[in-house]
Structure formats: structure tokens, C-alpha cells
Amino acid sequence: ASELCRLRVADLDLGRGLLTVIVKGGQERFGVFDEYAASSLAAWLGVRSLVARAGVETVFVALAGVGTGRPLTRHGLKSLCRRLAERAGVPHFSPHALRRTFATLAKENGCPDSLLMDAGRWSSHEMLRLYTRASRLKAFERFSPLAGLMNP
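Each residue of the sequence shown is one higher than the one before, counting from 1 in our numbering.
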């Protein structure tokens, strides 16, 4: 959430699908994104100037309340996610859930761990394993003894 809120327009390269952002510990790291994300970002950047206040450098800005046009904050992002989740009937949703979903879906689509670690900037296999645990547990269904007993 913090990285998303700190991302500056100047640090995006839509053509190459690259970005640089300040991560935990104050270090600058690069990230990658696909063509779909690039086209979505381009669409947002096309209308961002209608909302963003002069001098605001961040990609994402608040769209409502007293902070309208100012940089989106972690609190604002959490609030936005909570409101969207409530409207969709999804309980217990946070921006961090998107990171877990990214890892889980990439793993389910066959992404090798080493590539996924680079793409998500996980520093260890153990940390990646924690993020993809739900996917691994869901995969257990096909081995479930109960399912075999109940569906001969």
C-alpha cells in the first residue's frame, strides 16, 4: 500500500512496463507490470490531471473528501478498498489482499518460484510460501480422503 501511494508519475515507464519506487527501509527498487496494467495506467494518467492538484507528483490521488487531488494515503487506500469490498459483499478485504492474490494466481498459472520472487520482490522462499499458502491448501482438495470416500 505504501509503495502504491508513493509511486510518482516520473517513475513510470509505460512503454517498457517498468517503475521505480521507494520500498520499506527507504531503498529504491524497480518493478514490472504487463501491457494490461500499462494501458490501465495510461487511461488513468489521461484523466488524472482533471483531479490532481498542481504540484502533486504521485500517480494516485484522492478522489473524495478533504484530500481530493492530494496524494492518496495508505489510510485513504484502505478506506477505498473497504468501501468497495462492502459494496461487493466481500468481508475482510484490504490492499494487502491484492498482493496475496497476485502471488496465488501467478503460482496457480504455473509461474516458477524464482520468477515470482523477483516479480513480487519477496526476499525468501519462506516468505513467498506464506503468501501462496491458500493456493497450496486449495490444491489439497484433489487429494482429500473425504472427497474420495464420499464420491466413489
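Keep in mind that the hints are not guaranteed to be accurate.
To be verified - Straight-line C-alpha distance at most 35 angstroms; calculated DSBU-like pairs for lysine-lysine:
(1) Lys78 / Lys107
(2) Lys78 / Lys24
(3) Lys24 / Lys107
Keep in mind that the hints were calculated from the coordinates and are not lab data. Predicted model, so just to flag it, every value in this text is computed and none were measured.
Against the structure, the hints come out as follows:
no. : hint           : in the structure
1   : Lys78 / Lys107 : holds, 26 angstroms
2   : Lys78 / Lys24  : holds, 18 angstroms
3   : Lys24 / Lys107 : holds, 24 angstroms
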